[in-house]
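The opening residue of the sequence shown carries number 1 in full-length UniProt numbering; numbering runs sequentially from there.
These are calculated hints, taken from the structure and not from any lab test. These figures come from a predicted structure and were not determined experimentally. Any given hint could turn out to be false.
[Said to hold, decoys possible] So the derived label-pair ranges between C-beta atoms look like this:
{"hint": "1", "residue 1": "Gln140", "residue 2": "Glu59", "range": "46 to 56 Å"}
{"hint": "2", "residue 1": "Glu62", "residue 2": "Gly203", "range": "46 to 56 Å"}
{"hint": "3", "residue 1": "Glu141", "residue 2": "Ala196", "range": "36 to 46 Å"}
{"hint": "4", "residue 1": "Glu62", "residue 2": "Gly248", "range": "44 to 54 Å"}
{"hint": "5", "residue 1": "Asn226", "residue 2": "Asp314", "range": "36 to 46 Å"}
{"hint": "6", "residue 1": "Pro294", "residue 2": "Arg157", "range": "50 to 60 Å"}
{"hint": "7", "residue 1": "Glu62", "residue 2": "Pro92", "range": "17 to 27 Å"}
{"hint": "8", "residue 1": "Trp156", "residue 2": "Ser204", "range": "12 to 22 Å"}
[Claimed, not checked] Distance condition first, Cα-Cα at most 20 Å in a straight line; then the derived EDC-like pairs of lysine to aspartate or glutamate:
{"hint": "9", "residue 1": "Lys354", "residue 2": "Asp263"}
{"hint": "10", "residue 1": "Lys354", "residue 2": "Glu247"}
{"hint": "11", "residue 1": "Lys354", "residue 2": "Asp314"}
{"hint": "12", "residue 1": "Lys354", "residue 2": "Asp270"}
By construction, the Cβ of each residue, glycine as well, lies at the ideal position given by its N, Cα and C atoms.
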Amino acid sequence: MFDLERDGPSRSVRLCGCVVTRGVGAASLVCAHDCLLLDLDGTVFRGSSPTTGAIETLESIEARTLYLTNNASRLAQEVADHLGELGFNVDPADVVTSAQSAARLLGNELEHGSRVLVVGTEALATEVVNVGLVPVRSVQEAPAAVVQGHSPDTDWRDLAEAALAIRGGALWVACNIDATFPTERGLVPGNGSMVAALRAATGSEPIVVGKPQPTMLRDALARGGNFESPLVVGDRLDTDIAGANSEGLPSLLVLSGVSTAADLVCAPSDRHPVYVAEDLRGLCQPSETVRIGPRPGWRSSTSGDTVTIASAGDCGGGLSVVRAAAHAVWSAQFNGRPPVLRAGDDLAHAALEKWCLLDLG
Numbered sequence: 001m002f003d004l005e006r007d008g009p010s011r012s013v014r015l016c017g018c019v020v021t022r023g024v025g026a027a028s029l030v031c032a033h034d035c036l037l038l039d040l041d042g043t044v045f046r047g048s049s050p051t052t053g054a055i056e057t058l059e060s061i062e063a064r065t066l067y068l069t070n071n072a073s074r075l076a077q078e079v080a081d082h083l084g085e086l087g088f089n090v091d092p093a094d095v096v097t098s099a100q101s102a103a104r105l106l107g108n109e110l111e112h113g114s115r116v117l118v119v120g121t122e123a124l125a126t127e128v129v130n131v132g133l134v135p136v137r138s139v140q141e142a143p144a145a146v147v148q149g150h151s152p153d154t155d156w157r158d159l160a161e162a163a164l165a166i167r168g169g170a171l172w173v174a175c176n177i178d179a180t181f182p183t184e185r186g187l188v189p190g191n192g193s194m195v196a197a198l199r200a201a202t203g204s205e206p207i208v209v210g211k212p213q214p215t216m217l218r219d220a221l222a223r224g225g226n227f228e229s230p231l232v233v234g235d236r237l238d239t240d241i242a243g244a245n246s247e248g249l250p251s252l253l254v255l256s257g258v259s260t261a262a263d264l265v266c267a268p269s270d271r272h273p274v275y276v277a278e279d280l281r282g283l284c285q286p287s288e289t290v291r292i293g294p295r296p297g298w299r300s301s302t303s304g305d306t307v308t309i310a311s312a313g314d315c316g317g318g319l320s321v322v323r324a325a326a327h328a329v330w331s332a333q334f335n336g337r338p339p340v341l342r343a344g345d346d347l348a349h350a351a352l353e354k355w356c357l358l359d360l361g
């Protein structure tokens, strides 16, 4: 069953895939969009487990759903199969990987049959083949380009071959530069950590196709036709939300993966989402409930670098205080200085403390 968040005295019910608030008539967030551009790791699942409410939520919605992953270690079919094992029903044609986008870029840049040194899995090598290029693993085979994607087996030898090729003038394409990615055990090194090693070794900068760069979002939207109101959904401010903002798309941040409520409140303007929810169940909340902005149950005041949040009647629950605090801090325009959040009363203190918002410096 859905655990619908309450923000004030109104109550929400789910009707025919859309949520309506009794006494308000507000449609759910998903009902305002004809396409969802969903991140995977940290948003739909963490490691081998679905995020809370993800299966039920995605089964209940009717909007076209495209699944975007910066992780280049699997083929689209393998991603769909993995999602199937977790209980989701996903068409491989609706999966967009950074490996696909990187290969497409290389196919456009290089002559047919050119060699590409692959630092990554066989799935990435397969995508290279699919665009008419030849994957290799050694600089001795004179690659015209290097493509780098996540693999748990990448070692020093792989990085050494890539460094030599890049120093020799090969085009360098990185599938993504996420420094970490979430698992059920916690955050572990991502492709960006390996890219950083090559950057340090070569003094070069790669062409990046994964989020927050616009390449993947554009590739995804090109698959579905003429969408009028797509919504980007993800767990990372630095990739999912920044990518959405770079394309002028609205976004929902879910706190089921990497970015935290404190990260949200302190985020620079190019990483501000429109909405925030604990997980994908937020898609089935009224739009105004999950929108970041003033909340009827909270009031704020600013003095210098300090923002004070105090209760004002029925404070609602869940992330209500986070939405109010983020709006107050963003409106104060601290220009990169860390804000100080202060509680104006005991209720505000408890709410801010729950989301670790009392020590942002």
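Violated hints - listed by number, lowest first: Hints 3, 4, 10, 12 not satisfied by this model.
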